[in-house]
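The residues making up each chain are set out below.
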Amino acid sequence: MTAPALEARGLVKRFPGVTALDGVDLVCRAGRVHALLGENGAGKSTLVKILTGNQPPDEGELRIGGTAVRLHDPRAALAHGVSAVYQELTVLPELSVLDNVMLGQEVSRRGLLSRDRQRDTARAALRRAGLGDLDPRTRAGTLSAAAQQLVEIARALVRGSRVLLLDEPSALLSGEGLSALHAVVRELAADGVAIIYITHRLEEVRALADDVTVLRDGRLVSTGPADAYPIDRIVREMVGRDVDAVFPELAEPGAEEVLSVRGLLPAGPGAAGPGLDLTVRAGEIVGVAGLLGSGRSRLLRTLAGVQPRAAGTVTVGGSPVRASLHAAVRAGVVLVPEERKTEGLVLDLPVRANTTLSSIGAVSPGGWLSAARERAAFEAERDRFGIRVSGPEQPTGQLSGGNQQKIVLAKWLRTRPRVLLLDEPTRGIDIGAKAEIYRIVAGLAAEGLAVVFASSELPEVTGLAHRVLVCQGGRVAGELTGDQINEERIMHLALGTSREAS
Amino acid sequence: MTTLTAGRAARFAPAGTLMPLSGLALVLVAAAVWTPGFYSEANLRLVLFQAGLIGVTAVGQTVVLLGRGIDLSVGAVMGLTTVIVATQTDGDGGKLPAAILLAVLAGIAIGAVNAGLVVLRGVPPFVATFAVFVLVQGAITAWTRGAAAGDIPHGLQTLGSGRVLGVPTPLWVFAGVAAVAAVVLARTGAGRRLYATGSNPRAARLSGIRTGRVIAAGYIASALLAVLAGLISAGYAGHVDAQLSRSLDLNSLAAAVIGGVALTGGKGHIGHTVLGVALLAVLIVWMLQLGAGTGGQLAVQGAAILLATWLRQRGPAAAGTR
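Chains A and B are the protein sequences, given in the same order. Just so we're aligned: the first sequence equals residues 1 to 502 in my numbering. Just so we're aligned: the second sequence equals residues 1 to 322 in my numbering.
Treat the hints with care, as some may be off.
[Stated by the list, open to error] Okay, derived cross-link-like pairs now, SDA-like style, lysine to any residue, Cα gap no bigger than 20 Å in a straight line: (1) B:Lys267 x A:Gln398; (2) B:Lys267 x A:Pro350; (3) B:Lys267 x A:Gly397; (4) B:Lys267 x A:Gly66; (5) A:Lys341 x B:Arg205; (6) B:Lys267 x A:Pro395.
[Stated by the list, open to error] Here are some chain A residues pointing at chain B (derived, C-beta under 7 Å): (7) Leu178; (8) Thr342; (9) Glu343; (10) Leu345; (11) Val346; (12) Asp348; (13) Ile360; (14) Leu369; (15) Ser370.
Derived by calculation from the structure, the hints in this document are not laboratory data. Note that this is a predicted model, so its numbers are computed, not measured. Virtual Cβ for every residue (Gly too), placed ideally from N, Cα, C.
Model the full assembly from the supplied sequences, consistent with the hints where possible.
Now the structure itself:
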C-alpha cells in the first residue's frame with residue numbers, strides 16, 4: 001500500500017484557556033473523499049488551519065506523501081500540494097474568471113502576463129472543475145454561488161493540489177449546484193486527488209464520502225470507512241456529551257403572552273414563504289437552534305428591528321411594534337448581539353458608561369449627566385450580576401468575556417425591557433462564566449421577562465430553553481417542547497434528515 | 001477620595017496633553033530666541049486674535065471629529081458669511097441683524113447638507129464636506145463674479161478688532177465657546193452620546209442611541225461656529241475683498257489634531273483643542289514675523305499636523321485595528 005497522501009498524527013493545538021485540538025489523527029488517501037465531521041467548536045477549523053499552514057501545531061507530526069513536513073505558512077502548504085476552498089467565497093467579483101483562477105499563480109514572461117499560457121492553464125483547470133463551457137473572460141461576480149465555488153476549486157487545481165480541503169463548500173448550494181459540486185468532487189477523486197470534505201449536511205456523507213472522521217471537543221471520536229457510519233451514529237458521536245449541573249432549574253412560565261409574532265419574514269435574498277409565527281409568554285425561554293447560515297441570527301435581528309422585515313407583525317403586550325430599532329427598544333424588545341465587542345459595547349468607554357449606554361436619559365435629568373446617578377446605576381448592576389471590575393472607571397475592553405456580557409445585559413436591563421433577545425449569549429465565554437450567564441437568564445425569566453435566544457451550541461439550547469425552534473435554510477423547520485427537546489432531534493431537524501419535520 | 005481627585009485632575013489636564021504642551025513651550029522659546037520682537041505687545045495681541053479666530057472653528061471641528069467625522073467646509077462657510085454681511089449691508093449697521101440671520105440660516109443649511117450626505121447616504125465625511133466646500137466656494141465666486149465688494153458695519157468691527165481688558169474680543173468669544181463646549185461634552189447626556197457614537201457607532205446605534213441625530217448636530221454646530229468665525233473675520237478686516245477666505249481653511253482641523261483630538265473619533269477633549277489652538281496661533285504669527293508667505297505658513301502647518309499624528313501612532317499594529 002502506498003503512503004497516504006496526507007497523514008497527521010497526534011496533533012495538539014492549545015490556545016489560552018482552551019485546547020482546540022487534543023491529539024487528533026487524520027489519514028487521507030489519494031483518490032478518496034474523506035468527510036470531516038463535528039459540531040461548531042469541535043476543532044475542525046483549527047485542523048484546517050494547521051493543514052493549510054495558517055497555524056503551526058503545538059505537537060504532532062504531519063506527513064505528505066509519506067514525507068514528514070512542517071508547514072510554517074500557507075505558501076509552504078501550497079508548495080506541498082495542499083490547498084483549501086472555504087465556505088466564504090473569496091472570488092473577486094470584479095475580475096474575470098480567468099484572472100480569478102490564476103490569482104497568485106500568474107504566468108508571466110519578462111514581467112508581462114503571458115495571456116495565451118494563462119488562458120490554456122485556466123481552461124484546463126476549469127474543465128476539470130466542471131466549468132469547461134464557461135468563457136474565461138466572464139466577470140466572476142455574474143456567476144452563481146455554485147459556479148463561484150467551482151471557480152475556487154479550479155484555482156486550487158491550477159496550484160497542482162494533491163490534497164484539497166473543502167470547508168463547507170455546500171453551505172450555500174442546493175439542487176443543481178450541489179450535484180454539480182458532487183460530480184466535480186468525485187471526478188477529482190478519480191483523478192487521484194485526496195479530498196477532505198467538511199460539511200454539516202450529513203446526507204452528503206452517504207452520497208460522497210469514502211471515509212469519515214468525527215471530532216468532538218478537539219478530540220478524535222472515531223474514524224473509519226463511510227459504510228460504517230449511518231447518520232444516527234454520526235449524530236450520536238457528534239453531540240454525545242454530558243450536560244450536568246451547568247444549567248439551572250427553569251421556573252414555570254407565566255400565562256401572559258408578552259411577545260406575539262405573526263408571519264415574520266426577514267428581508268433579504270430569498271425572502272419568501274409563510275414566515276414565522278411565535279408567541280412567547282412572560283417567564284418563558286425559547287431557544288432557536290440551527291446550523292450556521294440557517295437564519296437564527298437574522299430572525300433575532302429582525303425581531304429587534306436591526307434588520308428590516310419583508311413581512312409580518314410583531315406585537316408586545318398587545319401593541320404592534322414598527323420595524324425599527326428604536327420602536328423595538330421603546331416597546332421593550334432588546335437584543336444582546338452576537339458580536340459583543342463591536343455591537344454590544346463601546347470598549348473605549350469605562351464600564352460605568354457602558355452600563356448606562358442605553359439609558360443615558362435616565363441618568364441625565366434635564367440633560368445634565370449626573371455622575372452620582374451613573375455611579376449608583378453601575379454599582380447596582382455590579383452587585384446584582386456579580387460583575388468583576390476594578391472600579392467604575394475601568395475601560396470595558398479590559399474585562400473578560402463573561403463580565404463584558406454581563407455589562408451588555410445590565411445595559412439593557414436598565415431600560416426595563418419586556419423581551420430579551422440573546423444571540424449566542426455565551427460565545428467566547430469560559431464554562432464557569434457560561435453557567436453564571438445561564439443562571440442570570442433563568443433568573444430574569446423567573447422575574448417575568450420573555451426570553452428568546454439563538455445558539456449554535458446544542459447543550460445550551462437543550463439545557464436552557466422551555467421550548468426550541470429549529471431553523472433550517474432560512475425558515476423554521478420544527479418546534480420542540482418539553483421531553484421532545486434533545487440534541488439528536490434538534491440535529492435531525494437542523495440537517496433536514498428528520499422524519500418528523502413539520 | 002484619591003480616585004475622585006485623580007478624576008478631577010484628569011478632567012482639567014486630560015491625558016495626552018504632554019505633547020502639545022511641550023510643543024507649545026518649544027515654539028515659544030524658539031520664537032523668543034530667534035525673533036526678539038515676538039514678545040512685543042502688538043505681536044502678542046495678534047497671537048491672541050489668531051487664537052480666538054481659529055479657536056472658534058476648532059471647537060466645532062472637535063465636535064465633528066469626536067463623532068468620527070471631519071468638516072472641510074469650515075473655510076467656505078466663513079467666506080460665505082463675510083460675503084453675505086458685506087453685500088447685504090455694505091456698511092449699514094441697521095441691516096446687520098437681517099444679514100446675520102441670513103448667514104446663520106445659510107450655516108444651518110450647509111451643516112444640514114453635510115449631515116444629510118454623511119448620515120442618510122453614508123458618504124464618507126471627507127468627500128461630503130469637501131464637495132460642499134467646493135460647491136459653496138463656487139457659488140460665492142459665481143454670485144460675486146469673483147469680485148466681492150462691500151463694507152462691514154461698524155458694529156461688527158468691535159467683534160473683530162475690539163478689546164476687552166486689553167485682550168482682543170475674539171479670544172473672549174473663543175473662551176466662552178470653549179467653556180460651553182467643555183461642559184456639554186463632559187457633563188451632559190448629549191456629550192456622552194457623542195463620545196459613544198464616535199468610539200463605536202455600531203454599538204452606540206444598537207444600544208438605542210440615535211447616532212444620526214448626534215452626528216447631524218455636530219455638523220450643524222460646526223457650521224454655526226464657522227458663521228461666528230466668519231463674522232469675527234469680517235469685523236476684523238472691515239471690508240471684503242476677493243482674496244478673503246478663498247482657501248481651504250484647515251486651521252480648525254490642524255488645531256484640533258495638533259492638540260490631540262483623534263481623527264478616528266471618540267477620543268479628545270476641549271482641553272486638547274485649546275492647546276492645539278494656542279500652538280497653531282503662535283506658529284502662524286511667528287511665521288508671519290519671519291516673513292514666510294502663505295505657502296510657507298501652509299507648509300509649516302502641514303508639517304505640524306504630520307508630526308502630531310505621527311507621534312500619536314504607536315506603529316502599524318495600533319493603526320490597523322478593525
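- Could you check the structure against the hints above and give me the numbers of any it violates, in ascending order? Those not satisfied are hints 4, 7 and 15.
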